[in-house]
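Participant: The chain contents come next:
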Amino acid sequence: GENVEQHPSTLSVQEGDSAVIKCTYSDSASNYFPWYKQELGKGPQLIIDIRSNVGEKKDQRIAVTLNKTAKHFSLHITETQPEDSAVYFCAATLSGSARQLTFGSGTQLTVLP
Amino acid sequence: NAGVTQTPKFQVLKTGQSMTLQCAQDMNHEYMSWYRQDPGMGLRLIHYSVGAGITDQGEVPNGYNVSRSTTEDFPLRLLSAAPSQTSVYFCASSYEVGPNDEQYFGPGTRLTVT
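Residue numbers (my numbering), protein chains in the order written: chain A, 1 to 113; chain B, 1 to 114.
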């Protein structure tokens with residue numbers, strides 16, 4: 001089955017700086033890679049996703065890059081704000097089938113004012 | 001739309017007791033799933049369903065049962081609770097077909113087994 005490793009487990013940045021979270025996956029057949037943000041006491045919420053036919057995707061201050069050859073993908077948050085503080089999870093799966101999302105272990109991001 | 005709802009929010013059980021965690025969605029999603037979240041381990045899939053009457057096991061199914069009699073509801077049953085089942089449980093739903101793969105998560109149920 002799929003295995004997803006996520007680093008770092010904790011990340012502290014100054015407000016306005018950039019944050020990068022990296023994930024690697026094991027199954028070369030995986031073709032859908034979502035990122036979820038989980039605020040304290042809430043369920044995870046999708047913030048951005050990327051499919052294997054795309055190398056990069058941006059949405060305002062958030063971007064995700066995918067390197068299929070190396071089997072890794074990264075989340076980039078620019079101009080960080082205190083409200084970006086949360087736990088971020090990467091995941092990987094085969095989309096379009098009986099999907100079983102495999103999640104990374106999570107990154108606690110703290111944006112210091 | 002209420003989205004995905006879960007009840008209860010908190011529950012304390014004694015070892016050996018049984019209970020059902022409720023999950024409902026009002027988005028007419030075909031795909032529903034249950035995850036457990038433990039510190040440092042991310043979310044792990046327990047069971048999932050691709051439609052009414054169809055369920056299958058995920059990564060960590062032991063100790064849990066599910067059924068899907070309607071599109072809206074997907075309850076998770078613990079038949080004999082064990083301390084190892086202390087965790088936060090999330091239900092999620094999504095469209096099974098089409099390009100939209102976003103999973104919508106409920107607010108979670110925090111379960112403690114003593």
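Among these hints, one or two may not hold up.
[To be verified] Calculated from the model, a selection of chain A residues having no Cβ within reach of chain B, i.e. all distances over 12 Å:
1) Gln6
2) Ile62
3) Lys68
4) Ala70
[As the list claims (entries may be wrong)] Only part of the chain A face toward chain B is listed, based on derived beta-carbon distances under 8 Å:
5) Asp27
6) Ala29
7) Tyr32
8) Lys42
9) Gly43
10) Gln45
11) Leu46
12) Ala63
13) Phe89
14) Gln100
15) Phe103
16) Gly104
17) Ser105
The hints are simulated quantities; they were obtained by calculation from the structure and are not laboratory data. Yeah, the Cβ is synthetic: ideal placement off N, Cα and C, and Gly gets one too.
Participant: Should the hint that Tyr32 (chain A) touches chain B count as held when the rule is a Cβ pair under 8 Å?
Facilitator: For Tyr32 (chain A), the interface hint holds, since the closest Cβ of chain B sits about 6 Å away, which is under 8 Å.
Participant: Does the no-contact call for Gln6 (chain A) survive, Cβ to all of chain B over 12 Å?
Facilitator: violated, 7 Å
Participant: For Lys68 (chain A), is the shortest CB-to-CB distance to chain B above 12 Å, so the non-interface label stands?
Facilitator: holds, 18 Å
Participant: Does the closest beta carbon of chain B sit nearer than 8 Å to the beta carbon of Gly43 (chain A)?
Facilitator: holds, 3 Å
Participant: According to the definition I'm using, a residue is off the interface if its beta carbon is farther than 12 Å from all beta carbons of the partner; does Ala70 (chain A) meet that for chain B?
Facilitator: holds, 21 Å
Participant: Mind checking the CB of Phe103 (chain A) against every CB in chain B and telling me if the closest is under 8 Å?
Facilitator: Since chain B brings a Cβ to about 4 Å from Phe103 (chain A), closer than 8 Å, the hint holds.
Participant: Report holds or violated for the interface hint on Lys42 (chain A), using the least CB-CB distance to chain B and a cut-off of 8 Å.
Facilitator: With Cβ-Cβ at 6 Å, under 8 Å, it holds.
Participant: Go through the hint on Ala29 (chain A) and say holds or violated, using the shortest Cβ distance to chain B against 8 Å.
Facilitator: Violated: closest Cβ of chain B sits about 16 Å from Ala29 (chain A), beyond 8 Å.
Participant: So, Ala63 (chain A) near chain B? Judge it on the closest CB pair being under 8 Å.
Facilitator: Status violated, d = 18 Å.
Participant: For the hint on Asp27 (chain A), does the least C-beta distance to chain B fall short of 8 Å?
Facilitator: violated, 14 Å
Participant: Does Leu46 (chain A) pass the interface hint, meaning its C-beta sits closer than 8 Å to a C-beta of chain B?
Facilitator: holds, 5 Å
Participant: Checking hints one by one. Is Gly104 (chain A) an interface residue toward chain B, by the C-beta closer than 8 Å rule?
Facilitator: Nearest chain B Cβ about 6 Å off; hint holds.
Checked against the numbered hints listed earlier, the structure breaks hints 1, 5, 6, 12; every other hint is satisfied.
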